[in-house]
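> For chain A, the structure is supplied; the task is to place chain B on it using the hints.
Order-wise, the sequence lines are chains A and B. First residue of the first sequence: 1, per this note's numbering; consecutive thereafter. First residue of the second sequence: 1, per this note's numbering; consecutive thereafter.
These are computed hints drawn from the structure, not numbers from a lab. There may be inaccurate statements among the hints.
Pairs involving identical chains hold if they fit within one copy or between any two copies, as the list cannot separate such chains.
Said to hold, decoys possible - Subject to a maximum C-alpha distance of 16 Å in a straight line, what follows is the list of computed EDC-like cross-link-like pairs (lysine to aspartate or glutamate):
#, residue 1, residue 2
1, K265, D217
2, K58, D341
3, K92, D343
This one's a predicted model, so the numbers in the text were calculated from it and none came from an experiment.
2 protein chains.
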Amino acid sequence: MSSQVSPLAPIYVPDMPAIAGVRLATAAAGIKYVGRTDVLLALFEPGTTVAGVFTRSKCPSAPVEWCRDKMKTGKARALVVNSGNANAFTGKNGRDAVNFTARIASKAAGCKLNEVFLASTGVIGEPLKASAFDGVMDKMVADALPNRFLDAAKAIMTTDTFPKVATARARIGKATVTINGIAKGAGMIAPDMATMLSFIFTDAAIAAPALRSLLSDGVTDTFNAVTIDGDTSTSDTLLMFATGAAKNAPRIARASDPRLKAFKKALLQVLANLSEQVARDGEGARKLVEITVEGAVSKSSARRIAMSIANSPLVKTAIAGEDANWGRVVMAVGKAGEPADRDRLSIWFGGIRVAHKGERDPSYDEQDVSAVMKKPEISLKVALGMGKGRDRVLTCDLTKEYVAINGDYRS
Amino acid sequence: MSSQVSPLAPIYVPDMPAIAGVRLATAAAGIKYVGRTDVLLALFEPGTTVAGVFTRSKCPSAPVEWCRDKMKTGKARALVVNSGNANAFTGKNGRDAVNFTARIASKAAGCKLNEVFLASTGVIGEPLKASAFDGVMDKMVADALPNRFLDAAKAIMTTDTFPKVATARARIGKATVTINGIAKGAGMIAPDMATMLSFIFTDAAIAAPALRSLLSDGVTDTFNAVTIDGDTSTSDTLLMFATGAAKNAPRIARASDPRLKAFKKALLQVLANLSEQVARDGEGARKLVEITVEGAVSKSSARRIAMSIANSPLVKTAIAGEDANWGRVVMAVGKAGEPADRDRLSIWFGGIRVAHKGERDPSYDEQDVSAVMKKPEISLKVALGMGKGRDRVLTCDLTKEYVAINGDYRS
Numbered sequence: 001m002s003s004q005v006s007p008l009a010p011i012y013v014p015d016m017p018a019i020a021g022v023r024l025a026t027a028a029a030g031i032k033y034v035g036r037t038d039v040l041l042a043l044f045e046p047g048t049t050v051a052g053v054f055t056r057s058k059c060p061s062a063p064v065e066w067c068r069d070k071m072k073t074g075k076a077r078a079l080v081v082n083s084g085n086a087n088a089f090t091g092k093n094g095r096d097a098v099n100f101t102a103r104i105a106s107k108a109a110g111c112k113l114n115e116v117f118l119a120s121t122g123v124i125g126e127p128l129k130a131s132a133f134d135g136v137m138d139k140m141v142a143d144a145l146p147n148r149f150l151d152a153a154k155a156i157m158t159t160d161t162f163p164k165v166a167t168a169r170a171r172i173g174k175a176t177v178t179i180n181g182i183a184k185g186a187g188m189i190a191p192d193m194a195t196m197l198s199f200i201f202t203d204a205a206i207a208a209p210a211l212r213s214l215l216s217d218g219v220t221d222t223f224n225a226v227t228i229d230g231d232t233s234t235s236d237t238l239l240m241f242a243t244g245a246a247k248n249a250p251r252i253a254r255a256s257d258p259r260l261k262a263f264k265k266a267l268l269q270v271l272a273n274l275s276e277q278v279a280r281d282g283e284g285a286r287k288l289v290e291i292t293v294e295g296a297v298s299k300s301s302a303r304r305i306a307m308s309i310a311n312s313p314l315v316k317t318a319i320a321g322e323d324a325n326w327g328r329v330v331m332a333v334g335k336a337g338e339p340a341d342r343d344r345l346s347i348w349f350g351g352i353r354v355a356h357k358g359e360r361d362p363s364y365d366e367q368d369v370s371a372v373m374k375k376p377e378i379s380l381k382v383a384l385g386m387g388k389g390r391d392r393v394l395t396c397d398l399t400k401e402y403v404a405i406n407g408d409y410r411s
Numbered sequence: 001m002s003s004q005v006s007p008l009a010p011i012y013v014p015d016m017p018a019i020a021g022v023r024l025a026t027a028a029a030g031i032k033y034v035g036r037t038d039v040l041l042a043l044f045e046p047g048t049t050v051a052g053v054f055t056r057s058k059c060p061s062a063p064v065e066w067c068r069d070k071m072k073t074g075k076a077r078a079l080v081v082n083s084g085n086a087n088a089f090t091g092k093n094g095r096d097a098v099n100f101t102a103r104i105a106s107k108a109a110g111c112k113l114n115e116v117f118l119a120s121t122g123v124i125g126e127p128l129k130a131s132a133f134d135g136v137m138d139k140m141v142a143d144a145l146p147n148r149f150l151d152a153a154k155a156i157m158t159t160d161t162f163p164k165v166a167t168a169r170a171r172i173g174k175a176t177v178t179i180n181g182i183a184k185g186a187g188m189i190a191p192d193m194a195t196m197l198s199f200i201f202t203d204a205a206i207a208a209p210a211l212r213s214l215l216s217d218g219v220t221d222t223f224n225a226v227t228i229d230g231d232t233s234t235s236d237t238l239l240m241f242a243t244g245a246a247k248n249a250p251r252i253a254r255a256s257d258p259r260l261k262a263f264k265k266a267l268l269q270v271l272a273n274l275s276e277q278v279a280r281d282g283e284g285a286r287k288l289v290e291i292t293v294e295g296a297v298s299k300s301s302a303r304r305i306a307m308s309i310a311n312s313p314l315v316k317t318a319i320a321g322e323d324a325n326w327g328r329v330v331m332a333v334g335k336a337g338e339p340a341d342r343d344r345l346s347i348w349f350g351g352i353r354v355a356h357k358g359e360r361d362p363s364y365d366e367q368d369v370s371a372v373m374k375k376p377e378i379s380l381k382v383a384l385g386m387g388k389g390r391d392r393v394l395t396c397d398l399t400k401e402y403v404a405i406n407g408d409y410r411s
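In isolation and in its complexed conformation, chain A is listed as follows:
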C-alpha cells in the first residue's frame, strides 16, 4: 500500500449501502502487512447464486483453480479474500492452503465446503500460511455486519493507493435492488504485490447461469477494456454474488428477461466505474488515457488496435512526457497487424486533429495541443476510414515511478 494517493483518485467516494443477505468482516491476520487488515470474509444468506470470470493465464493461482471448480454448483455462502500473498505457484502447499482455508471458513460459517469461494493477492511463489486465518475466522463470523464495504475494499489492497468501491440501484419488476462492487488493481498485474480482484454483490434474485451471462457481457467493455502494462495476472478474479434477499425481488431465470433492462445498465455502470478506478490507480500513473478507435473493419479489430496503442511503451512514455506524439500512434496502429491504410488515418488528441489522411494536419496549433496534454485526463482518437468498427479502452501513462515501483522495491 503506497503512502501517496494517486493524483487520479476519484474525489467523490460514495456511501456504500448495505445489501440484504450480505454481511462483511475484516481482520488483521498478519499475512505480510503490519498494522492493517489483510483478510476479508463475506457471508451470504442461503440461496445466494454466484458467477465468475478469471484470468486467461495458463499458470493460474491455486484459489483461481478452486473457484473455477466450485463454480459448477452456482451456490455461494462465503467468500474469503486475503492480501499480502497470492498463493500462486506454490504447488501442493498452495492446494493445501486453499483446502484448509475453505474448511475453516465452511465450519465457521456453517456451510458446505463447495459453497466457499477464495481469492488471494500479493507475493507469488511464497507459501501462504493459511493457519493465520484460523485465529481470526470465528471472530469475523461473529463480527460480520452488512455495511462494511469500504472496509472490505481496504482489506484487499496491495500496491493500490486508494480503496475502490462503486454502487448503483435498479428496479427489477416491483423491487428496488442494489449492486455494490469493490475492486483492487494497481498494476493490471504486479505479481509480487498485486493483481486484479473484484467482487460484486447484489440482493437481486438471479439464477447462476443468467448471472454468468450478465457478468460475461458486462466485462467486455469494462474490465476487459482496461490495461495498465499488458501483463496478465495469474490471479485475476471477478466474482458476482446475488443473494435474492431484496424485498419482492422476482426470481429471474434468464439473462434475456426484459425485466433486467435497468439492472444490466446499473451493473455496467458499477463495472465501468470500478475498472476506471483500476486504470486511475495504475502504478505510477499520472494520466488517465482513453483510447477510441473508429472506422475499423470490426469492433474486435478496433479493440486489437486500441490495445496495441494502449500497451505501447513508446505511446505511454510520450503521454507521460505530455507529448502528442502521433508518430508513435501510427507505429502502434501499424504493428497491430489489423487492416489499416496509412493514407486514410486521422488522429486526435483531446479533440484536436493532429494528423489527417496520412499526414500531419497542417491546421493544428501546437499550443492548443500542448494545453490538452498537460491535463490529467487525455483522450486519444484514431479514425481508420476502413469500416464501421469502433471500440474504446482505458489505460494510463508509463512513468519513471512505474519503473521505480516495480524495479526498486527489492533492491
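Chain B only, in chain A's frame:
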C-alpha cells in the same frame, strides 16, 4: 545521438576491411542534426545483387515502399540512407522526396532509377527536405572510398550511443569473400528518433533469389529474435548487397549450394553480432538479457513464450532492479497463451535454479542469485517440460532512463 555511451557497448570494435565492388561516402546535409554526418551513399559495381527484409508494419514509411517495389529486379547500384528524418507518414511529400532522392542519386551514380535503394530514420511525420541531398550527392560520388564502413555506421545513428559494425570472412570454392555489416537501433523503434536499419555488404557472387533466401533464414534467430520494447518501427529495413567482385568468386545460383556452408555460418555470425549490439544499445539499457525457453511443444511456441517474457514490463523492471523475480516470469509464461503446465515449470537466473516443478526451489541461495543479478549480462532460462521446442531471444532491462529518453525530450 546520446552523449553517454551505453555501459553494454562492445569493448572491441573490429577494423572494417574494404569490400571489392563497394565504395562509401558520408556527408552532413543538415537534415536535423548539427555538426555531424547524416547521409550515407554506397555505390556498387555493375552486377551487384540485392535482397531485403522489411518491417511488418501496416503503415510503412515511403522508403520501405520504394525498396519493396524496386527489389523485384534484384539489381542494385546505389544506396542512400539518411538519419534525422524517417520520411514516414508524410503522404505525397514523402513519395516525392523518395522519387527526388532516387533521381539525383541515379544521375550522380550513372545508374538506373530502379537500381537505387533508400532508407530513412528519424522523426516521423515531418516532411523530409530531400533538396538538401542535392548539394552533397555529386561530392559524395567523387569522394566514395572502399573502407569507410565505420563512418557509414556513424552517419546512420539516431539515439544510438555507439556505431554498430561487424565483419567476417568465408571461403566459397577457391575464393575468400568478406561480409561487412552496419546497423543502427537503440529502441527496437523509437519512431521520433530511431528505427532499426541494417545493411550487409559482401563481395560474394550470389544470385538475388538465393540472397533473399539466405537473408530470410539468417534473420530468424538474429534480428527477429531481439526486442527492446515490443514496438515495431514503420521503417525497419535490412538490405544485403552482393557485388560478386571477389577474386575467383564462383557464381552461386541457389541457397542450397553446398559451397555456401561456410558463408552461411559467417553471415549468421555478422547478423547475430549486429543484432546483439542493437540489444546492447537499447534505450536506457543497463542489462543485456538472454532468454532461453526449452521444453516447449515447438520452436515457435518457445519463441512466443520467450518474447512474452522479453516484452513484459514487469520482468524488465525487475531485472533493472536486480531482482530475480521468477514470479513475474511465471506470469509472462502464463500470459503467452502457449501450452504450459505450472507444475512442470523450472526457472534459472544465471544458471541458478530458483523455481522447480511449480514451486520455489528450496535449495537456492539468495546471495548467489543476488550476485548474478548485479552483472551486466543476465541469462534467464525457463524449462517447460512439455516437449522439445527450444528458442532464445535477446532483450534488455526497462529503466527510468528509457522513460526519460522517450518521455522527456520534447517536454
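> Please sort K265 with D217 into within, between, both or neither, judging by C-alpha distance up to 16 Å.
The answer is within: 11 Å in one copy meets 16 Å, while 54 Å across copies does not.
> Given identical chains, is K92 near D343, meaning Cα to Cα at most 16 Å, within a copy, between copies, both, or neither?
Answer is between: at 9 Å across copies they meet the 16 Å cutoff, but 56 Å inside does not.
> I want to check one pair: K58 and D341. Are their C-alpha atoms no more than 16 Å apart within a copy, between two copies, both, or neither?
between (35 Å within a copy, 7 Å between copies)
The structure agrees with every numbered hint stated previously.
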